[in-house]
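Asks: Chains as they are written, first to last, in this note's numbering: chain G, 728 to 986; chain Y, 4 to 318; chain A, 9 to 378.
Because the hints were derived from the structure by calculation, they are not lab data.
It should be emphasised that the depicted structure is a prediction, and the values quoted were computed from it without experimental measurement.
Hints may contain errors.
Subject to a maximum C-alpha distance of 30 Å in a straight line, what follows is the list of computed DSSO-like cross-link-like pairs (lysine-lysine) [said to hold, decoys possible]:
hint: 1; chain 1: G; residue 1: Lys921; chain 2: G; residue 2: Lys771
hint: 2; chain 1: Y; residue 1: Lys108; chain 2: A; residue 2: Lys190
hint: 3; chain 1: A; residue 1: Lys168; chain 2: Y; residue 2: Lys159
hint: 4; chain 1: Y; residue 1: Lys159; chain 2: Y; residue 2: Lys51
hint: 5; chain 1: A; residue 1: Lys168; chain 2: Y; residue 2: Lys153
Residues from chain Y that face chain A, not an exhaustive set, calculated with beta carbons under 8 Å [claimed, not checked]:
hint: 6; residue: Asp44
hint: 7; residue: Trp46
hint: 8; residue: Arg68
hint: 9; residue: Leu75
hint: 10; residue: Ala79
hint: 11; residue: Arg80
hint: 12; residue: Gln83
hint: 13; residue: Gly89
hint: 14; residue: Asp91
hint: 15; residue: Val111
hint: 16; residue: Gln113
hint: 17; residue: Gly154
hint: 18; residue: Gly156
A virtual CB, placed ideally from N, CA and C, is assigned to each residue, including glycine.
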Amino acid sequence: MTKPIIEMKNIEKHFGAVIALAGVSLEVFPGECHCLLGDNGAGKSTFIKTMSGVHKPTKGEIVFDGKPMNFETPRDAMDAGIATVHQHLAMIPLMSVARNFFMGNEPVKKIAGISFFDKEYADRVTMEEMRTMGINLRGPDQAVGTLSGGERQTVAISRAVHFGAKVLILDEPTSALGVRQTSNVLATVDKVRKQGVAVVFITHNVRHAMAVGDRFTVLNRGQTLGTAQRGEISPEELQDMMAGGQELATLEGSLGGTV
Amino acid sequence: MKHLFTSLALGAAIVTAPLAATAESHSDLNYVLVSHAPDSDTWWNTIKNGIALAGEQVGVNVEYRNPPTGDLADMARIIQQAAASGPDGIITTLADFDVLQGPIKDAVDQGIDVIIMNTGTPEQAREVGALMYVGQPEYDAGFAAGQRAKGEGVTKFLCVNHAIQQPTVGERCRGYADGLGIDLGDAMMDSGTDPAEIKNKVLAYLSANPDVDGILTLGPVSADPTLAALEENGMAGSIHFGTFDLGEEIVKGIKAGTINWGIDQQPFLQAYMPVVILANWDRYGVLPGNNINSGPGFVTKDGLAKVEEFAGEYR
Amino acid sequence: MADTPPVDERIKEMAAFRTALIRPELGGMVGIVAVFVFFLLFAFDSGMFAAQGVMNWSVVSAQFMIIAVGACLLMIAGEFDLSVGSMIGFAGMMIAVFGVVLAWPMWMAIIITFVICISIGALNGFIVIRTGLPSFIVTLAFLFILRGFTIYIPQTIERKTIIGGIRDAAEGDWLGTIFGAKIFGAVFRWLGDAGVIAVFERGNRAGEPVVDGIPMLIVWALILVVFGHILLTRTRFGNWIFAAGGDAEAARNSGVPVNRVKILMFMFTAFCATVFATCQVMEFGSAGADRGLLKEFEAIIAVVIGGALLTGGYGSVIGAALGALIFGVVQQGLFFAGVESSLFRVFLGVILLGAVILNTYIRRMITGER
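Looking at chain G on its own, in the form it has when it is part of the complex (with noise of 0.2 Å):
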């Protein structure tokens, strides 16, 4: 393989007495999809967070691109290329999906020195993205609230992606759908790692992560538990490592091993 895009070294984060990370490290490739999984309370949201510049790391290092990154805001990481697709605050409901795509990126165009907003671009844009992400609008000026919840992780993706984001962190994205829905986010990740994005698929949903991933990172209080490569790993071991393994396999025993 090339060489990581990104790598995060030893990343300590503490807040006051708390301590969110305990030394976390990871890597991801471009064009892979790299899972990291773990229970609430595991440090995946502090983590990304850490990744994409909302909170400095206490200890630890970022090397992005073979450089040493330091990010004072999100919107530095953003510039660099990471992109975070949240799991409920991607999209703004009441607005069109075209004003949704460029919203932080507005195409501007200048008549009489004054920049515009140039509506034009972004419709025919818009327009072009979803076609080929797969959804049908009636037009750019359709509202994101009419879409389903799939869709507007979609959009959020496609946007990201077309704004050049060469990481694309992805929290939760399919925690609240359904189904088929799912499956359509998880088809979007992976045409998006085909055109060569590295992506980080948070999730503690181990069937959603064995669908797209090509490597899993187990995160547990704070701490990696391991990466493995797809193939290594069975979805039972994942589910015992992100719970901490004993009690969870009481716990599954007495539901008949259903979770």
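Using the hints provided, position chains Y and A relative to the given structure of chain G.
Replies: Below, chains Y and A alone, put in the same frame as chain G:
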């Protein structure tokens, strides 16, 4: 379905009734009275009744208009509106000369007869080109009240002003202070218009200033809660209490001896007289040669019978 | 998945004219038609549609428009400003204090007042952003603070609550003219001479038309509406306004400077209130402590009639302008129609309720809210 129809018809009748009422005119003369009072000021009910009675007796159409919040800039727009609707005469208060002189002069120049009532001065009325002024000069009335209060032994007073934004009303306090021959200082209280607030502010002021021996309120809005405050702290009857204007509670207070006197500016006359004068001016070209002072008149325990009978209606 | 996705059979095809019709401004347009039909029926010969009458309700509507534009953009950005009315009183009083009491040149008094008021707007925004308190509460506080100063300042230095003489002080001042002058006087004089509009019958202006020009107030209203509309729909900043009000967190995640947008909108609202106040004191010549009472609600009502969503993220400046026009026409028109003045509030309430119900319905069709 039939039921629905009748209720709809009834609804339509209620909605259109106010339109119909003015549409069926019994005369070709139309007069509009514009006041500066917000909707919440009930004192102006007497004015409404006054013009209605005059309109009925003289056989002319009368309308009452006011800015809902008491904003004088809005009042200026109402005068412009009244002028645009082309009445035969406009009766208006002159609550702020700067704001209102323009619209009033425009109406006068347009050929509409104007009478200034209630607020304003005879000089200002002459300046805007009004036919005359009907009302009670505020400062003079306050001064007269102050002189009388001085004779009755007041040495330190509180003036409860519920209309602080209206400078002419404040003149009453100033006149009162000058009549007493003492400095106004901080004796003028911005009480607001909420009864509970006024009551509590008065209670607080009186306990903080125990040497106050006289109270002046500027109308029922401030008088009624002040009365309640005095009942509560037991000073009712012992402290000298004068008030501007009359109202049901004020009349009761005068009767009970809690209020020494009420200054009646006789609002009925301020509304009634202009309508009658305008109608006779338009019909026969006759006009009294002077301004009309509708007040001040001191209403004490004696002579309360009529006041009591018509308080809030015509008094 | 295939490159040409299948059409979802659950999304009905929409007729082109229907999509063209369903816009945030639709409610306002329907309202305008209804209001004018009503008054043409009941007040046609009352002078309401003569030059003087038209000017009367136009000026009142223009006043509402000026503050509605600011309130509209701020509401779309997800915030309220309840201090607009008090700001109007305060700004007028500041101009009077600087220009009359301190006798500064009027242009300087006006500029300093703008600076002070816009700074207060910024302070409003800053407190809202910093504390995370609802803007409703913060600006409610400023409603009282500003009104208090508007009474206190003139009482302390002049012992009265109204300061006059502004018109004389502004005589010939270039900046005063921009707020207080009337334009197209020649056109109206010609119309008056031609007998199209009525003329004064007596006084020193006999023979002059009763409407002698378009006040700058109306010009300001139109400029602000056009500016606000273009800003909102045709610029990058406009997209940020929608985004900030629609979902501040999502907007931040997408790199929209939400805090800056909101603070700027608070400043713009203050600017609009100050324009209102300046036009008012230039026209009427005095500043009073009672000016602008309850104007904040009138602005919000106009904006809501115009189809904006109280919770932010959705609305239209054109809609707000139509709302202001409806408000102005109804308020003045009821007088013309001879309706008992105390019923004004009843009409207002009915219109407000009707508009909000209609707008909610329209918005659901557009945005697919459930």
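Asks: Evaluate each hint against the coordinates.
Replies: Results of checking the hints against the structure:
no., hint, result
1, Lys921/G to Lys771/G, "holds, 25 Å"
2, Lys108/Y to Lys190/A, "holds, 18 Å"
3, Lys168/A to Lys159/Y, "holds, 22 Å"
4, Lys159/Y to Lys51/Y, "violated, 37 Å"
5, Lys168/A to Lys153/Y, "holds, 25 Å"
6, Asp44, "violated, 12 Å"
7, Trp46, "violated, 15 Å"
8, Arg68, "holds, 5 Å"
9, Leu75, "holds, 6 Å"
10, Ala79, "holds, 6 Å"
11, Arg80, "holds, 5 Å"
12, Gln83, "holds, 5 Å"
13, Gly89, "holds, 5 Å"
14, Asp91, "violated, 13 Å"
15, Val111, "holds, 6 Å"
16, Gln113, "holds, 6 Å"
17, Gly154, "violated, 27 Å"
18, Gly156, "violated, 27 Å"
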